[in-house]
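**Student:** As a plain string of letters, each chain reads:
Number of protein chains: 2
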Amino acid sequence: MAELKNDCFLRALQGLPVPWTPVWMMRQAGRYLPEYRSSRTRAGSFLDLCKTPELACEVTLQPLERFPLDAAILFSDILTIPDALGLGLYFTEGEGPRFQQPLETEKDILDLPELQVERDLNYVLEAVRLIRSALAGKVPLIGFSGSPWTLACYMLQGGSSRDFRKIKTLMYQQPEVLELLLDKLSVAVSRYLNAQIAAGVQAVQIFDTWGGVLAHTEYQRFSLAFMHKVLAQLDRHHEGRKVPVILFSKGGGLWLEQMAMTGCDALGVDWTVHLGQARKQIAGRCALQGNLDPAVLYAEAPVIRQQVARVLAEYGAGSGHVFNLGHGIEQWVDPDRAKLMIDAVHELSIPYHQE
Amino acid sequence: MAELKNDCFLRALQGLPVPWTPVWMMRQAGRYLPEYRSSRTRAGSFLDLCKTPELACEVTLQPLERFPLDAAILFSDILTIPDALGLGLYFTEGEGPRFQQPLETEKDILDLPELQVERDLNYVLEAVRLIRSALAGKVPLIGFSGSPWTLACYMLQGGSSRDFRKIKTLMYQQPEVLELLLDKLSVAVSRYLNAQIAAGVQAVQIFDTWGGVLAHTEYQRFSLAFMHKVLAQLDRHHEGRKVPVILFSKGGGLWLEQMAMTGCDALGVDWTVHLGQARKQIAGRCALQGNLDPAVLYAEAPVIRQQVARVLAEYGAGSGHVFNLGHGIEQWVDPDRAKLMIDAVHELSIPYHQE
Numbered sequence: 001m002a003e004l005k006n007d008c009f010l011r012a013l014q015g016l017p018v019p020w021t022p023v024w025m026m027r028q029a030g031r032y033l034p035e036y037r038s039s040r041t042r043a044g045s046f047l048d049l050c051k052t053p054e055l056a057c058e059v060t061l062q063p064l065e066r067f068p069l070d071a072a073i074l075f076s077d078i079l080t081i082p083d084a085l086g087l088g089l090y091f092t093e094g095e096g097p098r099f100q101q102p103l104e105t106e107k108d109i110l111d112l113p114e115l116q117v118e119r120d121l122n123y124v125l126e127a128v129r130l131i132r133s134a135l136a137g138k139v140p141l142i143g144f145s146g147s148p149w150t151l152a153c154y155m156l157q158g159g160s161s162r163d164f165r166k167i168k169t170l171m172y173q174q175p176e177v178l179e180l181l182l183d184k185l186s187v188a189v190s191r192y193l194n195a196q197i198a199a200g201v202q203a204v205q206i207f208d209t210w211g212g213v214l215a216h217t218e219y220q221r222f223s224l225a226f227m228h229k230v231l232a233q234l235d236r237h238h239e240g241r242k243v244p245v246i247l248f249s250k251g252g253g254l255w256l257e258q259m260a261m262t263g264c265d266a267l268g269v270d271w272t273v274h275l276g277q278a279r280k281q282i283a284g285r286c287a288l289q290g291n292l293d294p295a296v297l298y299a300e301a302p303v304i305r306q307q308v309a310r311v312l313a314e315y316g317a318g319s320g321h322v323f324n325l326g327h328g329i330e331q332w333v334d335p336d337r338a339k340l341m342i343d344a345v346h347e348l349s350i351p352y353h354q355e
Numbered sequence: 001m002a003e004l005k006n007d008c009f010l011r012a013l014q015g016l017p018v019p020w021t022p023v024w025m026m027r028q029a030g031r032y033l034p035e036y037r038s039s040r041t042r043a044g045s046f047l048d049l050c051k052t053p054e055l056a057c058e059v060t061l062q063p064l065e066r067f068p069l070d071a072a073i074l075f076s077d078i079l080t081i082p083d084a085l086g087l088g089l090y091f092t093e094g095e096g097p098r099f100q101q102p103l104e105t106e107k108d109i110l111d112l113p114e115l116q117v118e119r120d121l122n123y124v125l126e127a128v129r130l131i132r133s134a135l136a137g138k139v140p141l142i143g144f145s146g147s148p149w150t151l152a153c154y155m156l157q158g159g160s161s162r163d164f165r166k167i168k169t170l171m172y173q174q175p176e177v178l179e180l181l182l183d184k185l186s187v188a189v190s191r192y193l194n195a196q197i198a199a200g201v202q203a204v205q206i207f208d209t210w211g212g213v214l215a216h217t218e219y220q221r222f223s224l225a226f227m228h229k230v231l232a233q234l235d236r237h238h239e240g241r242k243v244p245v246i247l248f249s250k251g252g253g254l255w256l257e258q259m260a261m262t263g264c265d266a267l268g269v270d271w272t273v274h275l276g277q278a279r280k281q282i283a284g285r286c287a288l289q290g291n292l293d294p295a296v297l298y299a300e301a302p303v304i305r306q307q308v309a310r311v312l313a314e315y316g317a318g319s320g321h322v323f324n325l326g327h328g329i330e331q332w333v334d335p336d337r338a339k340l341m342i343d344a345v346h347e348l349s350i351p352y353h354q355e
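Those sequence lines, one after another, are chains A and B.
With our numbering applied, the first sequence corresponds to residues 1 to 355, in that order.
With our numbering applied, the second sequence corresponds to residues 1 to 355, in that order.
One should not assume that every hint holds.
Put simply, identical chains are the same to the list, so a pair is met inside one copy or across any two.
Here are the simulated EDC-like cross-link-like pairs (lysine to aspartate or glutamate), alpha carbons at most 20 Å apart as the crow flies [said to hold, decoys possible]:
| hint | residue 1 | residue 2 |
| --- | --- | --- |
| 1 | Lys250 | Asp163 |
| 2 | Lys280 | Glu257 |
| 3 | Lys51 | Glu176 |
| 4 | Lys166 | Asp334 |
| 5 | Lys166 | Glu300 |
| 6 | Lys229 | Glu106 |
| 7 | Lys166 | Glu330 |
Derived by calculation from the structure, the hints in this document are not laboratory data.
Keep in mind that this is a model prediction, so the values were computed, not measured.
All chains, please: the whole structure from these sequences, using the hints.
**Tutor:** As structure tokens, then:
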């Protein structure tokens, strides 16, 4: 493997000194880029794009050709695991992901097969290998998975939801059945992430998109506990380096201390959180990633710079911060505004890293 | 006016000793009740139900006939103000509220008329008078309004939203234009609430349903500041009693200290919050209202009791707690489960109020 030229992102995740605050964007390979839309048209559908390693590699690299990002993230979907388990993932315009065979009965959960990553998700691993080779050490590659709770939400609801009625009904009526599902998913997620690490990803992020819809006691029992289980089963060293793990529970700002106790390397936080207060709370236990409101990218240049400056100032001096949006970049954003943000992070963060 | 027989709710909001923890439910007059569905069918539409004082009175009282609730809440919609300002509120099945004339330009905002409550929203005031008379002092009546920020969200988006792109674009591009709108709305909201108080409501709640979608700095500037402005203009005494004000920013659990500094009497909190920690944070500045996950009402009796017990234990001994759900009761809930919850609150809270 080529030597890593820019390890700023990996160093920041471990709290090691860095010359500037590294930055990447959730969903940085996405619809806001015209070249992405063109690749997607050639692929036929979003799912074809995910399942064709050459195209997944192509779109992963697109934002890096435009912007001086400090990390690449594997282009894929968070629902590849349920799809591999036979639920039949598909997408409807404007409504997001759906499953042909959502989980409906306890028997469906009991009968769920074990994930065979190398067989069922080889297209992801192949994409990882292609991307690592194409990156040639430019920046590290991030792998990812949905959290067990978040996967279970989609698998039981059959798609997105506003009230999470099905999964919450199961949770409050038959918690042990839900735990059985979450346990199976924590095994699948750790196998999946370990296979991504073996194939070459250099850090991983667990997306707990729906952790924030839970009451605080249920968050700990049904989301955090199973992310903890995943963490315990991960191979966190590879190629002679640590493979840092980032936990991101959207809407989890009240629970950062408990999350930091899992032994993850960093917490992703959304824009409701004050980074300086979060930093105090976690008291050096791990790094922080975030947390600009993606809607700031609809603003003019001076506002974007000022908001970047605010986020950097809230975190304060020293390493342990990876700049990101608090959620994925939106499809309506002008790519030049994203560039403005990234350049501002690099420029304005330098004073925070001088001795 | 008839003497108030049960003032437990009003006393708890002021931290005065109470025999049990009072309880009411957001959206307690609603679709989960068959008698409500029947009134709505007779009314023709949801909006007709809101605009016909006799029917609004009828459905307000329905949950009180079934359950030993400690407060009634005026049956109305949070979007009566924008409707009165000419935006043309209507409802579509499954998609929630919409406006025929959403605000689209700066001129639309500048041209927004002043609210004439007695003329434009007399149907609400008439409903308040009818309900007060029908209640005959049984329990206090709560009035309410949407917060300026939440009203502005609907008025600019034209309905519900997932990304709040229009209002956030305005907020980051032309903050002073948005502030002008919020300022107008804070005048309208305070007039509306003062008129409700004059007509007989004995407490008011400001619903800031969408405060939680803001970054923490923007929450303070664009939501909290204007609720503060409303508070400053309210007539908080009537009929020789204090009229307590409850602020409820859904998803605002990280900002309770700032909210408590507005001088409100209570904060509504959702189920992501640990009531004991919240109580410590606000340090006696105001009361707390909440915060059971509404989905708990899909569970069996023992789970409902256990969850009620947990919420009561988290708050701990002493007054200053009004039990509620963390959001509106959902339409799929069996009314008997709501009764179970209410009875459990009364029974299990008594030990917390003994000297």
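**Student:** What are the numbers of the hints that this structure violates, sorted from low to high?
**Tutor:** 3, 6
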